[in-house]
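Chemist: As they're listed, the protein sequences go chains H and P.
The first sequence begins at 1 in this note's numbering and counts up by one.
The second sequence begins at 1001 in this note's numbering and counts up by one.
Think of the hints as simulated: they come from the structure by calculation, not from any bench.
Don't take each hint at face value.
Said to hold, decoys possible - Beyond 10 Å from chain P on every Cβ pair, some chain H residues (computed): (1) P27; (2) L29; (3) P207; (4) A222; (5) P231; (6) V238; (7) E268; (8) T300.
Stated by the list, open to error - Below, computed lysine to any residue pairings styled on SDA-like, alpha-carbon distance capped at 25 Å: (9) K74/H with P1152/P; (10) K28/H with Y1187/P; (11) K74/H with K1359/P; (12) K74/H with G1392/P; (13) K1359/P with G1392/P; (14) K285/H with L1322/P; (15) K74/H with G1263/P; (16) K74/H with L1322/P; (17) K261/H with P1152/P.
Heads up, the beta-carbon is just placed ideally off N, CA and C, and yes, glycines get one too.
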Amino acid sequence: MVKRLTVRFVLAALAAAALVPGAQAAPKLRVVATIPDLKSLTEAVGGDLVEVDSLTRGTQNFHEAEVRPSMMLKLRRADAVVENGLGLDAWADVAIAGSNNADLAPGGRGRIDISRGIQVLEVPTTRVDRSMGDVHPQGNPHFSLDPGLAPTITQNIVDGLARVAPEHRAAFEQNRKDFLIKLDARMADWNKLMDPVKGSKVVVFHPVYIYFLTRFGLVQAAALEDRPGIPPSPQHLVNVIRQIKDERIKVILVEPWNDVKLANRVAEEAGAKAFVVASAVGAVKGADNYIAAIDFNINTLAKALR
Amino acid sequence: MRAFALTVVALLLVATPALAQDASALRREIEQLRQQLQGLTERLQRLEAQPAPPPAAPPPAQPAPAAQAPSNPSTQMSPVSPTELARPRQPFSLYQQRGAGQLLFDIGIAGDFVGNLTQKNVEKAGGGTFAGRENRFFPREIEVALFGQIDPYARGELRIESGEEAAGDEMTVHLAEATLTLMTLPYGTQVKLGQMRNRFGWSNAVHEHDLPWVDRPDVYRVFLGEEGLVEKGAEATWVPDFLPFYLQVLGGVFNGDNESAFGRGRINHPLATGRVMAFFDLTDTMALQVGASLANGETAERLRSTLLGYDLKFKYRPEGWLHPLLTLASEGIYSIRRVERGLDFDGDGIFDAFQKQTKHRFGWYASAELQPWRRWSLGARYDATQYPVAPGWQWAVEPYVSFYPSEFLRFRLAYKHTDKSHRDVSDLLGNGGSSRLVDELLFQATFILGAHPAHPF
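So here's chain P without its partners, still in its complex pose (with noise of 0.2 Å):
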């Protein structure tokens, strides 16, 4: 016992400078190790803090490009471990090209300008296109949008905007829409909720930058408001995919904001929308869109108010084209209405009794423009209308020319002439004022700063 201690002791002795030579080694290299792996971290940081930077050079010619192909490609593969092939793949990737402290969403701005020059009647009647702003040039719509990806599954997008809305009214900025979209449902659903601008017609989904002509059709400016229809409340749309052309079915419920059509402003009382939306590709070429919607809802006055729509939509664009030749579009609508009417029987001017009736009305239009030049297009619109409740109708014919200097800057003009079959009730203010007759010569300028998505069709 006492000698294999003795011989344990003189091992330590003997091994004991070895193993210290050992541990001063090591230390070393894991020192050098721990620099190397500094290092790399330090460069990766940098790296990933900035832009891919450009090759230096085109790389050269080298003889086979394809031998970068490896002579067995099945053994460059990446293994694929079951717990990867069930979680989805690159649920970001549309943000993998950004750099640190970078925004995760999409910013665009739009400046629509709009200048008019009319009658003097016309502008003290305040009966032009654009009413109070005759004979001026203003901000119509200023407008920053944000939109991208809440996550993977939603889709948010905001827009705000401002414009001037009367002659020397301060401009006030406004929320024109904010909505989510859920894009991951079953069944080829996609729910929509929030402010938008509804999908009634076409161009009523169309922010005033982007419509083809300076002004909305008169259709929907009589029917729904010079904005159009833009509610809150949320829609749902569905695409079959067993049919042998595209179809959208879309149903909607919404507050019924909408002071033109309907107002009553309750989602128990809702405004109900719906749209069915067909696509023919007829050629390579050619194209038709068809559509026909209906909101039904209450006016203030707790009355039913229905508006029926079709929208028509062809496009010829030549192989190669980067623009249509020739775009042809209509939109109608058919409004149900029920109002209440007074009734003096005595003649005292005070109402003995009201009535209610139902008021049918209809209007439409029909546009046409050709792009024979990339830079340049030239259109008419036809309007004629009859007003939702009072009795007469209106009609124009509005040639334009645009001149596109890019993609993202526009100027427009445009000749419109209005004839109405009765003066307005601000004809009679007794200012000499009447817009029976309009002709207004209108003028646009319109530009895109930043991010702008595609327009369907």
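Here chain H stands alone, though its shape is the one from the complex (with noise of 0.2 Å):
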């Protein structure tokens, strides 16, 4: 009698819990983004509604990511794919096209291309070929880091997940809208830090940071690399040293996957410093998300061009 009464409560239960609403969790939003920044501001956006991962690390080339068939596994498995867009991540093509997942088929309604309406720098003017190195025809693809073009970016991540889930994007616009209040509180600081040094120049080893150069006021006087993507010859970092020397500038910039130790040679030479800053989400110790790298990368300069 105890047995089955047993049995019934627990039937009972489970009947309760199937039926009420919102007992089960809903399934969450797989999203991948082609790199961590993406990632950090589709999380930023998705809230808890999302599942983000980066098919590259903050420490990688995104030029030349390798297309691993582990980066299919999870664009198999994704609802949406967040690209960067401009030439930066076109081997996320081969990945989607591995992964067999028709809803990230070019054209697909997961397909989130975040560079729609920046207004893009470096847009060649003259006719372009691989003489010049790895230029973009279509302009500077490294604007994620850009903290002002963050609204454009996030308004872009939340046109996607809200064509894949109609039914989240007051919840997307809202997360959107939070994430945007506490970036405008930072930027207040951050501008308030870069307001001595604005002008300043500083030399970087290859064009990742005008964007961010060029939001806080400063210069990009050269690169190490004197086309993009190209080992520098002897002659030019000749030249770039004088300059170095010439203009009194201080500070070289260089990513973690760059020849650092060129770059401190350079350095020690021209009587600058080199530093290695967050050219991404995870690039440094510290960068973890989207404002803490933007905050490394801050506080460095500021105290570098002092």
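Join the two chains into one complex using the hints; note that each chain is given alone, in its own frame.
Modeler: Set out below in structure tokens:
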């Protein structure tokens, strides 16, 4: 008798649990971002409604990411993929093709290109070819860590996620709004820190920072690579060293995947200092999310240029 | 009534000049608007016809750039209608950056030149790696590739190539690949059809100019011919989403035109192919890919021929490196082929009966490549293979060094020593030729022009 009652009770409890709305957590939207900056921004916009993974790590050169089948597996399971666009993550097309995920095929509802509406810098005005190195015919694609562009990027993410899950649009919009308010507050601090060094010149290894530098009133005076993606020639380095000395430039910005030893040698020769900064979320220790990465760069530059 | 009519006439007489003035003002306004619209249309057309202009100068640093963010971002949201949500968004987004009059697909050109130096007797026997082209420098593969989205559902790829096939021969242009891939099929499936390099093992699908060695491994050349397995037909792939690792299951049906292993060339007696490939991320820096392949068809003599293959590939790419430091690879083919052997009982040189036999043969290779610097890599490959029908075997060792001035240009120098158990039939031409022991110095120069999609792993 007791046993029968227990069984009935368990069955009733299970039935009740199945009937109560929200008793079971709704499955999260599975999103894959091609680079960690976009993972962080998608997490900010998606909140608890999404589960985001990145195809690359911040310490990698996104131009030359190796297309691994493990990327294809992530994409196979994904409801949406967030892409940088402008040629930075063109390799993602190969990974998507190998994922056999119809939703992510070109033109599919799960493709989210965050470069829509971005005011692109360094768009070539003359005919380009590869004698100029790895030039991007559509312009410089390294815009994701410019906090001033976060509103546009997050709007694209909201629109993309809402295509896949229209019922969550209001939540995505609210998350975006909260994130931008937080970012706005940090922006005031960052501007305060950067105001005294506005107009300072810096040298970069690869032209990754133009949006960020422009945003905070800094000037990219030269690049160690005379042609993007091609190892620098000795003559070019001699010229850059001379320029650094002549213009009393204090800082060389380096990505983790650059030849840091070479940057240090040039800096030493020219009387400047090379800094490995967060070229992406996760590129350096402490730059674990979008705001932390910008924070790291601002603090590094503000100190170095003072 | 008369009074009413008079009043109306009087009012009309008074109002007409005023109406005329209004109409004239309206016309002027409309004309102004028309001119404005025309100006804007022309401007828009000009802008659309040109690439996006660069900013004249970097935008000045604005205080509080995030102030660009609306104080209430949600108010900036563009309302999306249900119709808009229902249809696929940006169906041709790949081409939005392109200007008017530009192609809606990509074009890539690959040039692959090979040179070799070998012994005189090998040249006479035509027994070098590039048979009939010993002691020559020649364009092996000049390829024009056109590829892109056909529509939101399918992708097309066309490769046309030319190259020297024998010394002195006129070079002909031929179709290397032409495929159509259906990308929006359900349940993680895709179908590719046309003429293609088959996904048998991992290196068979790789074009000559993209191989990590100067020449295709001996096991492929011996069992499938110099070009490997290139067939006409269709193959379908399935990628399950419930496994903790990437697995691709492939099945295909082809004509079976490859004369080295099959040759029946009929879709009603097809060459059936299959492959299972799994990939494991061992760590962030190390990965392993393993695969097993099958090809089963009929020879021109209508006898069964089956190839079983394995492939392994391991890569170690230290954190932050732009290239792998170490790549290890191995592939092997086990051939089971029915053959007909002539029996001459009376020794008159004429076969008196035919006997069917099954030949079991095996070949494999192992390769290691080290790339300590971005521009330089060095490696070696060891080949050992039996012949699919004839008795005997051969082994070879091929150390090489590659230099990459850039991602799109490569020079490679290799030395290959081949040791065969028997002299080839071609050695018996009576011209003093022999290719039992072959030493070759191989040189390769490869360039890429235009678009070239990344290769997976």
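Chemist: Is T300/H truly not at the interface, in the sense that its beta carbon sits beyond 10 Å from all beta carbons of chain P?
Modeler: Non-interface label stands for T300/H: nearest chain P Cβ at 18 Å, farther than 10 Å.
Chemist: Check whether the Cα positions of K74/H and P1152/P lie no farther apart than 25 Å.
Modeler: Since the Cα atoms of K74/H and P1152/P sit roughly 22 Å apart, the hinted pair holds (cutoff 25 Å).
Chemist: Can we confirm that no CB of chain P comes within 10 Å of the CB of P207/H?
Modeler: holds, 12 Å
Chemist: Given the hinted pair K74/H and L1322/P, is their Cα-Cα distance within 25 Å?
Modeler: The hint holds at about 22 Å.
Chemist: Take the C-alpha atoms of K261/H and P1152/P, compute the straight-line distance between them, and say whether it is at most 25 Å.
Modeler: Given pair K261/H, P1152/P is violated - Cα atoms ~47 Å apart, limit 25 Å.
Chemist: Is the claim that E268/H lies outside the interface with chain P correct, judged by CB distances over 10 Å?
Modeler: About 22 Å separates E268/H from the closest Cβ of chain P, which puts it past 10 Å; holds.
Chemist: Hey, does V238/H actually stay past 10 Å from chain P on C-beta?
Modeler: Holds, because the least Cβ-Cβ distance between V238/H and chain P comes to about 21 Å, which exceeds 10 Å.
Chemist: If we take the beta carbon of P231/H, is the closest beta carbon in chain P still more than 10 Å away?
Modeler: violated, 7 Å
Chemist: For the pair we were handed, K74/H and G1263/P, check the Cα-Cα distance against 25 Å.
Modeler: violated, 40 Å
Chemist: Checking one constraint from the list: CA of K74/H to CA of K1359/P, max 25 Å. Satisfied?
Modeler: Violated, at about 43 Å.
Chemist: Need the status of pair K1359/P, G1392/P: alpha-carbon distance at most 25 Å?
Modeler: holds, 12 Å
Chemist: Mind checking the alpha carbons of K28/H and Y1187/P for me, to see if they're no more than 25 Å apart?
Modeler: holds, 20 Å
Taken one by one, the earlier hints fail for this structure at numbers 5, 11, 12, 15 and 17, listed in ascending order.
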